[in-house]
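**Q** One letter stands for each residue in the lines below.
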Amino acid sequence: MKEFVMLFRNAPTGENRPTPEIMQEFAKKWDNWLGGIAAQGKFVSGSRLGSEGKILKPGNVVTDGPYAEVKEILGGFISVKAESLEDAFAMTPGCPILLLGGYVEVRPIIPNNV
Amino acid sequence: MKEFIMVFRNAPMGGFTPTPEQIQAVDKQWGDWFATIIAQGKHGGGYRPGPDGKTAKPENVVTDGPYAEVKEILMGVSVLKVETIDEALEIAKGCPILQAGGTVEVRPVIFMN
Chain X
1 MKEFVMLFRN APTGENRPTP EIMQEFAKKW DNWLGGIAAQ GKFVSGSRLG SEGKILKPGN
61 VVTDGPYAEV KEILGGFISV KAESLEDAFA MTPGCPILLL GGYVEVRPII PNNV
Chain P
1001 MKEFIMVFRN APMGGFTPTP EQIQAVDKQW GDWFATIIAQ GKHGGGYRPG PDGKTAKPEN
1061 VVTDGPYAEV KEILMGVSVL KVETIDEALE IAKGCPILQA GGTVEVRPVI FMN
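As you go down the protein sequences, you meet chains X and P in turn. Sequential numbering of the first sequence, starting at 1, is according to my numbering. Sequential numbering of the second sequence, starting at 1001, is according to my numbering.
Treat the hints with caution; some may be incorrect.
Listed next, the in silico DSSO-like pairs over lysine-lysine satisfying Cα-Cα at most 27 Å (straight line) [said to hold, decoys possible]:
id, chain 1, residue 1, chain 2, residue 2
1, P, 1042, X, 29
2, P, 1028, X, 57
3, P, 1028, X, 29
4, X, 81, P, 1081
5, X, 81, P, 1093
6, P, 1054, X, 81
7, P, 1054, P, 1093
8, P, 1028, P, 1042
9, X, 54, P, 1002
10, X, 2, P, 1093
11, X, 42, X, 29
12, P, 1093, X, 71
13, P, 1057, X, 28
14, X, 42, P, 1071
15, P, 1057, X, 71
16, X, 81, X, 42
17, X, 2, X, 57
DEER-style ranges, computed between Cβ atoms [unchecked claim]:
id, chain 1, residue 1, chain 2, residue 2, range
18, P, 1026, X, 31, 20 to 26 Å
19, P, 1023, X, 17, 43 to 49 Å
20, X, 23, P, 1023, 20 to 26 Å
21, P, 1090, X, 25, 21 to 27 Å
22, P, 1110, X, 99, 18 to 24 Å
Since the hints were made in silico from the structure, they are not lab data. From the three backbone atoms N, C-alpha and C, an ideal C-beta is built for every residue, glycine too.
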């Protein structure tokens, strides 16, 4: 089994905050989708990222909360076990971010990294 | 201890292929930098994705190796075990990608169950 990373990206929502009901509904959709991967023994680990952040550019230039100037932000990522890129990609249907206009990028992990 | 993530991005190299010496020199820079983070007990693992990939978009749209159409690609992610985002940012300042025109995005991790 190889490992693959799935990156979840979406457009910044800006001031447009979803209602608590919608957030709860989507939390459940994520649980169901991730639970399905875990039930097959293919879930390795995952991180959800907070919306605040800083970007460091060459020459020690730091920008805060860079999201006004970008079209999409990384919301989180998981790593999964699969035999091939195709097999890993076959897990993407049902990912709730696709219902919100976002997308899932699947990439192989180069092993033996620190 | 909290966790923060560093996201390393750079422009796609296109047709440029570095020499083995260049690859070795850059690997050493990364190895040295990670060694200082590990020595402080602040390294929390990471991934280096390969350059190939496949992207799922809404309405069943699939793109292969999406990198011709993007300005920068994600080269890797690395977790830091530190207390504040400013501490993470100080560590990020030593990242070799900054010498190659790339960027480091520092973000807090929200734990998933």
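**Q** Tell me, in ascending order, the numbers of any earlier hints that this structure violates.
**A** 1, 3, 5, 7, 10, 14, 17, 18, 20 and 21
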